[in-house]
Structures are given as structure tokens and as C-alpha cells.
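Chain H: place on chain W using the hints.
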Amino acid sequence: MDQLINLGIFLSLVLIGYIFGRMAERRHFKSIREREANLADILTFSERKIPTDFDNCRGQLVSGAVVVSVDYFKMVSAGLRNLVGGRVSAYESLLERARREAQLRMKEEARRLGAKAVFNVRLETSAISQGQNNQTRSVEVYAYGTALIAPANG
Amino acid sequence: MEITNIETIPGKNIVKHLGMVQGNTVRAKHIGRDFMAGLKNIVGGELVGYTELLNESREEATQRMISQAQAIGANAVVNVRFSTSSVTAGAAELFVYGTAVLVE
Chain W
1 MDQLINLGIF
11 LSLVLIGYIF
21 GRMAERRHFK
31 SIREREANLA
41 DILTFSERKI
51 PTDFDNCRGQ
61 LVSGAVVVSV
71 DYFKMVSAGL
81 RNLVGGRVSA
91 YESLLERARR
101 EAQLRMKEEA
111 RRLGAKAVFN
121 VRLETSAISQ
131 GQNNQTRSVE
141 VYAYGTALIA
151 PANG
Chain H
1 MEITNIETIP
11 GKNIVKHLGM
21 VQGNTVRAKH
31 IGRDFMAGLK
41 NIVGGELVGY
51 TELLNESREE
61 ATQRMISQAQ
71 AIGANAVVNV
81 RFSTSSVTAG
91 AAELFVYGTA
101 VLVE
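Residue numbers (this note's numbering), protein chains in the order written: chain W, 1 to 154; chain H, 1 to 104.
Bound-form chain W, shown alone (with noise of 0.2 Å):
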């Protein structure tokens, strides 16, 4: 009988993850389309080296991070697919989803600055917090970069 009642918990919190987890990530990704084509025009470049166009700004840091955890069919999927291998679809749009949004605090803040360009970017993930059998729960990243603002700005 308890374990009848542990399987029926197990089952309504897969079937709670799958439909609330699914729900918000299409809601997150719309919103992150969004602000994407709204952030557009600010231009981001893995690169150190500034070119000669932007020579008479100012260089200021600007970041973003975010936690984003993964819901529990998710997790469990993942579980599953620990055992025969290959592509865990699960997490891949977890994290797609984290550096995005990251990225999207970062120009934000870069908006607010009146910046043109955003230099050397950086992008770093960490784990953060770990659930049964060391399974990774929520991810951070966070996006960092210099911010190249026109003396007209400020």
C-alpha cells in the first residue's frame, strides 16, 4: 500500500512537471524571442580587441546572470536517459534557455547605459544546487562584458 502511495506522488509530480514545466519554457522562450528582436541593435562580440570605430567611448562592465532549475520530468527523463546514453534534450534547452536570458539581462543593463556594443563577452555556467544521486537541479549562468558607451551618453 506505501508504495503504491510513493508511486502515485512520483507519478503526479512527473505528470505536474511535464505539463507546468512545458507551459512556462514555451512562455519563457516567446518572451526571450521578444526582447531579443527588441535588443537587437546592440551589438555583442566575443572579442577583446575594440575596433578603431569605437575609439571615443567609455568602457564599463555590465552583466547578467540567472538561475534556472529544471522541473521534475525533466529530471526524470534525464534519469532515464543516464542509462542507454546519448542526447539529454532535456538539459540542452535548460541551458539554452539560461544563456539566453543571461545574455538578454546583460544588454538590458547595456541599454540602460546607452551602449552601442558590448565587448569580450563572457559566458559561465555553474551547477547549482544537486538533488538525489548528485543529479544537477538548477544551473546558473552568468554574462559578462564591456560595455562601450558614446560620450553623447554620459
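It is worth saying that the hints were derived from the structure and are not from the lab.
Just so you know, these numbers come straight off a predicted model, no measurement behind them.
We put the CB at the ideal spot given by N, CA and C, even for glycine.
Mixed in with the good hints there might be a few duds.
[Claimed, not checked] Mimicking DSSO-like on lysine-lysine, the simulated pairs with C-alpha atoms at most 27 Å apart in a straight line are: (1) W:K49 with W:K116; (2) H:K12 with W:K116; (3) W:K49 with H:K16; (4) W:K30 with W:K116; (5) W:K30 with H:K16.
[Said to hold, decoys possible] Among the chain H residues that face chain W by a calculated CB cut under 8 Å, a handful are: (6) M1; (7) L39; (8) K40; (9) G44; (10) E46; (11) Y50; (12) N55.
Just chain H now, with coordinates in the frame of chain W:
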């Protein structure tokens, strides 16, 4: 105090390099907000409490780096890097380092 993660401060000349400065902070993650984070873990999505906590910690580490730079007479820090590592279960170290310089 001007901070960049490239080798220069755009538009300014570096007069003197004063060596590396750093700041760190270790934070436990499982206090108070842990319960809400546990619930959020079922449905997934952003853990706002953790995002804020890590942002505050990183801000503090940066402040420590800045006061170190001020102490040796720098007015800017270039080539700044951030790193995060988990020290023990449930705690993360946020570390920031860079080169203290004197600009005109």
C-alpha cells in the same frame, strides 16, 4: 573606479600597472529560500531567490576587489574575470579578480 574585462580602459591611457587584486565570498544556498526553491524544482523555471542571492554575493566580491584596488592606489581595474565554484555541498564560492591599474 572604472572596471572593464578588456586589457584597457577605452579612451584613457594606463600609466601604471599595480598588480592583481581579488575579492571572494562564500555563500550557503540552502537558507530560507530553500523551501520555495524546492517547490519550484517540481515545475522548473527561474529560481528568482537564488538569482538575487548570487547577484548580491557577486556584488560583494566585486566591492572587496575594489577596496583592495583602492588600498594600493589604483583608480581602475582591467581584465576582470568572474568564477564560481562549489566548495562543499550547499555552498558556492564567488571569486572575482583583475589587474589594478592607474589611468590618467
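Hint check:
1. W:K49 with W:K116: 16 Å, holds
2. H:K12 with W:K116: Answer holds: K12 (chain H) to K116 (chain W) is near 19 Å, not above 27 Å.
3. W:K49 with H:K16: 20 Å, holds
4. W:K30 with W:K116: Roughly 25 Å separates the two Cα atoms, so the pair holds.
5. W:K30 with H:K16: 48 Å, violated
6. M1: At 10 Å from the nearest chain W Cβ, M1 (chain H) fails the 8 Å test, so the hint is violated.
7. L39: At about 10 Å, which exceeds the 8 Å cut-off, the nearest Cβ of chain W leaves the hint on L39 (chain H) violated.
8. K40: At about 6 Å, which falls below the 8 Å cut-off, the nearest Cβ of chain W leaves the hint on K40 (chain H) intact, so it holds.
9. G44: Nearest chain W Cβ about 3 Å off; hint holds.
10. E46: 5 Å, holds
11. Y50: 4 Å, holds
12. N55: Holds, about 6 Å.
Hints 5, 6, 7 from the list above are not met by this structure, while the remaining hints are.
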